[in-house]
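Asker: The chain contents come next:
Protein chains: 2
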Amino acid sequence: MTAASLHRPLPVTAVPRWDDEADVVVIGFGAAGASAAIEAREAGADVLLYERNSGSGGASGLSGGEIYIGGGGGTEVQRAAGFDDPTEDFTAYLKMAGGPCADDAKCELYGREALSHWEWLKAQGIPYRGNYLPGKHIEPTGDDTLIWSGSEAAAPFCDAAKPAPRGHVIQFTGWGGGRKLVDILEARVRALGVRVVVDARATALIVEDTRVVGAVMRIDNRDHFIRARRGVILATGGFAMNEAMRRKYCPLTFKINDPIGDKDDGAGIHLGMSAGGDAVHMDQFLTTCPWTIPEPQANGVFVNIAGQRFINEDCYHGRVSRAMLDQPGDRVYLLLDSAHYSEPFAFARTSIAATGADWEEVERELDMPEGTLAATMAFYNDHARRGADPLFGKRTPILTPLDQGPFIALELNFQSSYFSFFTLGGLSTSTDGEVLDRAGAAIPGLFAAGRCTHGLPAWGHGYSSGLSLADCTFFGRRAGGRAADVR
Amino acid sequence: MTAASLHRPLPVTAVPRWDDEADVVVIGFGAAGASAAIEAREAGADVLLYERNSGSGGASGLSGGEIYIGGGGGTEVQRAAGFDDPTEDFTAYLKMAGGPCADDAKCELYGREALSHWEWLKAQGIPYRGNYLPGKHIEPTGDDTLIWSGSEAAAPFCDAAKPAPRGHVIQFTGWGGGRKLVDILEARVRALGVRVVVDARATALIVEDTRVVGAVMRIDNRDHFIRARRGVILATGGFAMNEAMRRKYCPLTFKINDPIGDKDDGAGIHLGMSAGGDAVHMDQFLTTCPWTIPEPQANGVFVNIAGQRFINEDCYHGRVSRAMLDQPGDRVYLLLDSAHYSEPFAFARTSIAATGADWEEVERELDMPEGTLAATMAFYNDHARRGADPLFGKRTPILTPLDQGPFIALELNFQSSYFSFFTLGGLSTSTDGEVLDRAGAAIPGLFAAGRCTHGLPAWGHGYSSGLSLADCTFFGRRAGGRAADVR
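Chains as they are written, first to last, in my numbering: chain H, 1 to 487; chain D, 488 to 974.
Watch out, some of these pointers could steer you wrong.
What the hints assert, rightly or not - Between beta-carbon pairs, the in silico distance windows are:
| hint | chain 1 | residue 1 | chain 2 | residue 2 | range |
| --- | --- | --- | --- | --- | --- |
| 1 | D | Asp707 | H | Ser116 | 49 to 57 Å |
| 2 | H | Ala3 | D | Pro621 | 54 to 62 Å |
| 3 | D | Gly629 | H | Ala3 | 55 to 63 Å |
| 4 | D | Lys742 | H | Ala439 | 24 to 32 Å |
| 5 | D | Asp670 | H | Asp432 | 47 to 55 Å |
| 6 | H | Ala244 | D | Asp670 | 39 to 47 Å |
| 7 | D | Ala647 | H | Phe347 | 30 to 38 Å |
| 8 | H | Arg364 | D | Asp591 | 39 to 47 Å |
As the list claims (entries may be wrong) - Per the computed footprint, the stretches of chain H lying under chain D, defined by three or more beta-carbons under 8 Å from a beta-carbon of chain D, are:
| hint | stretch |
| --- | --- |
| 9 | 3-13 |
| 10 | 277-290 |
| 11 | 388-396 |
| 12 | 425-439 |
If you are wondering where the hints come from, they were derived from the structure by calculation, not from laboratory data.
Backbone N, C-alpha and C define an ideal beta-carbon position, used for all residues, glycine too.
Based on the sequences and whatever the hints tell you, model everything.
Answerer: See below:
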């Protein structure tokens, strides 16, 4: 008998002893695992929650704590800011954001239930200031609540679904509210009596015929055999930190160099597959570079090495960043005029590739042939002055002419500039968080949520901030509730 | 116990009887399965070969019968035509063709051994006329042997590896030499005493612990339990005809509508995964539209709906076609002047979207803003007259100005024009055709070859004609030889 591993479950007949047991065993203590544990516990289950690190957090703890919420006419924050947000438009946007990879059933369910999920988040104690911050922000630098966090107001999204801002950010001054979000969820987890074990790494599932009945946890260099009476919930994150998995399933990520995550090694995806789970859309990833900060830069124009524009730059920064990677060569240029240039943040690792008194000079400095970049910018400015972008549909107010010299081309180099990324592909799950096999049937006793699954954030070209935490918390809850309900 | 299926192997303890047995059981009778069966039989194994259809062929039988061969200084055909083809350049090209998905070990092995594989092909009785046909052809319409079948002479490939034509086409007048190729391999299979069973569909593998020891074959509506003493070889093709699999793993193929294959339902990929096999690069596919025929059209220029060029059009037609799908919108335009226009073949399902006395008129007819398409063509013609394409590096002789009016824009619409495709992702295998699990270990008793595996043709943007048949026949042989050698 080959040893059990991430890739091969342990038959229950080979379990030497049970070291612990619970109704529901949750693996991973980010937002998905925390939400699953809370819901399972509130449904009356005895819950064990394991985390490989020494504390909670995961990638959620590194995030901005922003959750994508809308529909039902809008949250009270959206409505106070004057935005009506019908479920139909919200759902349509979720599907467009998922593009060819969208899970329609998840989009529809979340489209209907996001407002009640908003009430749940607040009930957990997550504070929201309740105000609206207009403009184009990656995260608010203050403690503001509602921001535009996607491509809602940009073509082609705005033509198919009425736009509304839907990024709901935890009240927290500065970047990184995700840590506070997880802290609050952790407090709930502990208050409810979930038994939390840290420094515990899952090494195999335990199966009885086709049913998952537990997990082998590695703690203090010893295998612990943990029985799950109702179900195991995988919430271990994506595989941005696993180079071997990236090479096999998501090799485009090697164009760039800054994975986001906290030991996101894809373990849960392997565990799920070891029990027959199906991993889907494994080639998808979110990437973004902080090109919209300082904010004036959001008015810039991108060209590829052929001097061509390639997207309406008023889309979500991640959609624009993902389109950059589709361009020929190893870089793109962000073009700015003196009215819209500010010193870029050092962490962006951009550099000034050219400057000029006119766009012709910038073109020459970049060694581009005459009539490329300069022609692109003449065309762009001519139309921008009239409020139009006939090529890509960029819209006001970001659609401004760039005609105040001197002019600047910032180089965004895929290898050396900051392009963060995390993976979006993962286990196929039902809307109840059941892990599905390749025939589409639920694997008894096995559930999953968050970035080890394929969920709301499904397509790199359509990602919007807050989609992943929405998915983690909402479908984490679904998985917890369903697992607790197994008899 | 859940019933065995494509997704769940049958434990040997549940096998009610053995209906037949052999040393090596091959599933699928295209070029990969035939090559595997020949090699296994010649190594002394008793071989059973099953095919779900009523006869041999598979996707190989629908192909042009073109095999990508080079290295070692070149075949006698390459050398007679004046092409030296060092192994180093051949291997470098194979790796570039695989792009981010390349299997370096397979590229290196085939790089070294393609010449001896060429001898093997001829020894099976496959005839080659031995001549060289210059120009840009999808397949020769005569019975010529050697053609340029990739992007060897185009940027960026030509800068990294010395170009040589490497598409070796079976002697056969007209298109479709693949049928003849498979017929010849079938004759060898039968002459060697391989036992062939048609109308037989694999429904599950049979396992003893982690070892594959047979397969359940559905024949005449009854399950046959087939024992494989040494190994099972999966050679069942890709999943271009399986819409559910495409939706989950390769959704970009829904942009287009013409799968190539012969019931290519991905069954072998599922069978391999059911035994713990790893499926990799499942998002990759080859697509091509016949835009280079009639041949004068190969001189055309492609623009997207923004009037921008996007690639050096002297690349392989499939690489150009794949880049088309990356463009915004649902179509691209092939621009031609009267010196290079011929009536397109009806099967291409293209249409004339605009004509004009000058490019400005074409631009207006296409409702493109002034200064887009016409500016693109003015720039292109200006440089083409001097033999240069500073944007994308297109080269002579195809780099010709398009300045002989009247002018034409052909619409290639992704949904309605002919865009054929087949899938490239599949089981991860060793260079000996062993199916590898997710930890990279060989699964005892299980082998695979052809398009149910990830092999030489690994990346849609780098495909070259003949790569898939090279992979099927060469790595089919490797799998057959290795399976026969198991004791």
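Asker: With reference to the structure, classify each hint as holding or not holding.
Answerer: A quick look at each hint next to the structure:
Between aspartate 707 of chain D and serine 116 of chain H the beta carbons are some 55 Å apart, a value that agrees with the proposed interval 49 to 57 Å. For alanine 3 of chain H and proline 621 of chain D, the Cβ-Cβ distance of about 58 Å falls inside the hinted range of 54 to 62 Å, so the restraint holds. At roughly 59 Å, the beta carbons of glycine 629 of chain D and alanine 3 of chain H sit within the given window of 55 to 63 Å. Here the CB-CB span from lysine 742 of chain D to alanine 439 of chain H is close to 26 Å, well matched to the stated 24 to 32 Å.
Remark: the range hint 47 to 55 Å for aspartate 670 of chain D to aspartate 432 of chain H is upheld by a beta-carbon distance near 52 Å. As the Cβ distance of alanine 244 of chain H to aspartate 670 of chain D is approximately 42 Å, the hint placing it in 39 to 47 Å holds. At roughly 34 Å, the beta-carbon separation of alanine 647 of chain D and phenylalanine 347 of chain H lies within the given 30 to 38 Å, and the hint holds. With their beta carbons about 40 Å apart, arginine 364 of chain H and aspartate 591 of chain D fall inside the hinted range of 39 to 47 Å.
Restraint check on the stretch 3-13 of chain H versus chain D: 4 residues with Cβ-Cβ distances below 8 Å, three needed, restraint holds. Remark: the stretch 277-290 of chain H is confirmed as covered by chain D, as 5 of its residues place a Cβ nearer than 8 Å to a Cβ of that chain, reaching the required three. Counting residues of the stretch 388-396 of chain H whose CB lies closer than 8 Å to any CB of chain D gives 3, so the stated coverage by that chain holds, three being the minimum. For the stretch 425-439 of chain H, the proposed coverage by chain D is satisfied: 4 residues have a C-beta within less than 8 Å of a C-beta in that chain, meeting the threshold of three.
The structure is consistent with each of the numbered hints, conforming to all of them.
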